[in-house]
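**Student:** The lines below spell out each chain.
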Amino acid sequence: MSAILESADIDRALKRISHEIIEKNQGLESVVLMGIPTRGAYLANRISLILEELGAKVPVGTLDITMHRDDLRLRPPRPLLPTLMPPGGIEGKHVVLVDDVLFSGRTIRAALDALGELGRPRTVQLAVLVDRGHRELPIRADYVGKNLPTSSKESVRVQLSEIDEIDSVEIVGA
Amino acid sequence: MTFTLKNISLASGLVTNIAIDGTQVLSIGSEIHGDVVDCTGLIALPGLVDLHTHLREPGKEDSETVLSGSKAAAKGGYTALSAMANTSPVADTAGVVEQVYRLGKEAGLCEVFPIGAVTVGLAGERLAELGAMAQSAARVRVFSDDGKCVSDPLVMRRALEYVKSFGGVIAQHAQDPRLTEGAQMNEGAVSSRLGLAGWPAVAEEAIIARDILLADHVKSRLHICHLTTKGGVELVRWAKAQGINVTAEVTPHHLILTDDLVESYDPIFKVNPPLRTNEDVLALRAGLADGTIDIVATDHAPHPTEDKECEWSAAAFGMLGLETALSVVVKTMVETNAMTWEQLANVMSVNPAKIGGYDRQGVPLAAGSPANIVVIDPAQTWQVDKEALSSKSKNTPFHGYVLPTKIVHTVYEGIFVVKNQELTGLKYE
Amino acid sequence: MKSQLLSINDLSTADIHSILSTAAELERITDGPTKKLPTLRGRTVVNLFFEDSTRTRISFETAAKRLSADVINFSAKGSSVSKGESLKDTAQTLQAMGADAVVIRHGSSGAAQRLADSGWISATVINAGDGTHEHPTQALLDAFTISKSFPDRKSDFSGLRVAIVGDILHSRVARSNVLLLSKLGASVTLIAPPTLLPVGVETWPVKISYNMDEQLEEFDVVMMLRIQIERMSNFFFPSEREYSRQYGLNEERLLRMKKSAIVMHPGPMNRGLEISASSADSSRSVIVDQVGNGVLTRMAVLYLLLGGAALTEVGQ
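Protein chains in written order, with our numbering: chain A, 1387 to 1560; chain B, 2 to 430; chain C, -10 to 305.
Hints are computed from structural coordinates only; laboratory data are not their basis. In this text the structure is predicted, and so the values were computed from the model without any measurement. Cβ atoms here follow ideal geometry from the backbone N, Cα and C, with glycine treated the same way. Check before you lean on any hint, since a few could be wrong.
[Claimed, not checked] Short, incomplete list of chain C residues facing chain A, as computed with Cβ under 7 Å:
#, residue
1, 2
2, 5
3, 14
4, 26
5, 30
6, 31
7, 296
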C-alpha cells in the first residue's frame, strides 16, 4: 500500500492552508484554531506553529464532539476526549475547525453543535487535510490539503508522527 | 398383599430377599413369597422419618397441605413425618393436632405425627395444654414452638419439667430473639459486605447452652432443632459427655450450603436458622458422623413463589427438603466416606423414630418388623427440577443440582406408595 | 464496563478512571452558557425511589435532563411495597413503558441486584442506594471530588490517607467508598465506636480505629458520615453528647488536620452532632462541591451506560 501523501506532502499542504487562512481572514487577528481530537488536534497544533513562523501566534483549542454525535447508538460508548478552550475563548472570534478527513460531514455537524455550547463565534471555518467526498450533509471545507476521490467502500487512513510514528495518508482496502 | 423384594442389599451390604405380608416383614433370607419385585443393585433401608416438617395445613393450604406434603415425603423415601405446630391456627390444642393427625391418616402415604406447640399461639408466654395434646388421638410427644424460640428461661424450664409426666420432649428452636432482631443472614464477613443484618452464631449457641443446663437441672429431655454452628456442636458434644439427656438435629441444607450463596441476594437461600460458613458445615458433618448430632431432619418449609420472588428482606425464611434430603445426605456424608449406609439409616430413620417415640417407624429390617421400607438406587444420579417436585411449593435451593441416589420404591405399611420412582396412587387405610 | 451499576465491584479500575475523566470533561463542556447536551435524546430514565431521598433523586434527574433524556420519577414510597411483589410488578410496568434505565433507591440491601438479575426487566439498572449495602454513584462522586481537590494525583490515590468516620455498620456510602477508594490505591481508615462497625469488618481492605484523635494529623481526607439519632435506642452509643465528643468533627479537631486536608460529608448533615457548623462551613470543606460533582458524575455514568449501543447490539 503506497502512501498518497507522505511527510513532505503533508507539510506542504498545511503550509498552503496556513497561507490561505491568513489570506481569507486578512491577517490573523481574532482567528483561533479548534482541533477535533484526536488527529485534528495535532494538525491544529502544526498549523499554529506554521502561523507562528509566519509571524503571528493564534490561540489553539480542542473540541470533542462525542456528546453531539448522531451515531452514538451504533457503537459502544466511547470515552470523552478533551475539550480545551483556546486562551481568550471563542466569543466573537473567527474559529477555524481543524480535522484530518472530511467524509460524510456528520462529524462537522456535531462539531458545530458542540461549538454552539461553548459560545458564539463570529465565523466558523473548516480546514481538513483530506476531503474524500461522499458528503451526506450540506457541508464544505474552506481549506483542503488534498482532494482525494475514493470509493465509499474504501477508507482513508491518516497517520501523524505525534502518535503514529510516521506521517502518511493512504487509502485502505476496498 | 404379599410380595418379595428380591436380590436386595441391606444397609449392612448383605444381599438377600425381603418378603412382606400385610403390614409386616415376613422373612428376610432366601424365601420368596407372593409377587416378586426384582431389586438387583438396590438398597433397602427402614423408611425415613422426618422429625421436622412444615405442612402449612391448616391455614396456608396454597403452600402445602397434609396430602401434598405426604406425597413429597413418600417421593423422598419418608414413611413418617412430624408436622410442626406453626400453622394457622397454631397447633396448641388437642383439636388442631387431632385434625392434622386425621388428615395424615386420610392421606395414607406416610405416618403424620403432629408436633404440639409449647406455648399458646407460639407467643412464648403461657404453656399450651401439653397434657391434653399428649392424651389426644394424636398422642403428641414432641413439642416445639419452632419458628420461634422459647426464649423465656422460666417458661422453658416449666415446659421441660411438665413433659416428663408423659415422656415428652421439647424441641427447641434456638434463637435469642433480642440478638436476632431484624436479622437476615449469618453474621460475618459476607453479611458485613452485603449490608444485611447479621444473625450471630452466639444467638443460637447461648440458647443451646442455657437449655442444656436447664435440661440437666430438671432431668428432662431436650431436643435441639436444626443445629447450624460449630459452637453449637461443641456444646452438644459437651452435654452428651456429661450424660445430659439432649439430642440434636441438622438439616440437609446446612450440611452443604454456605452463607456466600447469599451474595446473589436470591431469597431462595434465605432460611432460619441461616446458612453459615464452610467451617460450620464441616463441624456439622463431623458431629453427625461421630454421633454428637443424632438425626437429620428436613425443616421442609414450603413457601409460595411470591414470598421468594422479591427483595431479600421482604422474603420468607425457609426451604423445601423432603424430596432432596436423602440425596444431599448421601452426597455430603456417604460419598465422602464420613458415614456408612447403616449410619445413614440411623440418623434418618432409627434415631428420629426413637426421639419421637414412633413405635412402627425406624425399626431395623427383620422378620416381624413393620413394613415401612425405602428402596434406593445408589448408582443413579438425578437432576433436581423444582417444577417436577410433588410439594405444592417450588422453593428448593437445589434446583439444577445433580445429586446422587434415587428413591425407587417407598413401602408404607406394606403398600407401595411409590413404585419405580412414581407415586402409585395407592394408600394405606 | 458492565451494562449495570449495582456495586463498585462491577467496575474495573479502568472503568473508574473512565467515569472520572468523563465527569471532568463534562464539567468543561457544560461550563458554558448552555448546560444541556443532546446525547441521550430519546432515551428514558426512570427514577424508581422506594425511599425518600430528594437530593439523590434531584441529582440523577438533573444529570439525565442535562443529557436530554426523558425522566420519569416513580416514587413507590407509601404504596404497599412490604410484600415485594410490587418490586416485580413495578419492574414489569416500567418495562412495558420502555424504560432504558432504572435508577433504583430501595431500603432493602440487594434490591438493585434483585431487579437486575430477576429477568423482570431489560433496562439498565443503576443502584442509587440499596439498604445498608452500597451507593456506588455516591462513592464515584466522592472520588471525583477528591481527585479535584488533589489535582496532581489525577485519579491515582495511592498513598492518599482517607478516614471515614461514623456509622459504618449502617452506611452504604462507607461500603461503596471502601471498595472504590481502595481500588484507586488510597489507604482507608474506618473510625467508629466498635458498636457501629460490622462484625466481619476485619476482612475489609481497611484499617480500623476506635479513636478519632489518634492519627488525625495524618489524613488527607476526612469523610464524616451521618449519624442517625434513632440508633441510640439500640444501644449503639449512650448519648448524642458522648458521640459528638468522641467522634464529632469539631473546630479543635479541624485545626489539627493537615493543611491540605479536606472535609467531606455525603449529606444531609446533623450540624452539631457529627460535624460542627464551623467545620462544615470551613475552607477545608468540600461538602457543597460534592453536590455539584454528583450531577457530573451521574451524567458520566448515564452517558457511559446509555450513550452507546447496548453491548449486545454490537455483538461483543
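**Student:** With reference to the structure, classify each hint as holding or not holding.
**Tutor:** Hints, verified against the model:
no. : hint : in the structure
1   : 2    : violated (14 Å)
2   : 5    : violated (12 Å)
3   : 14   : holds (4 Å)
4   : 26   : holds (5 Å)
5   : 30   : violated (10 Å)
6   : 31   : violated (9 Å)
7   : 296  : holds (4 Å)
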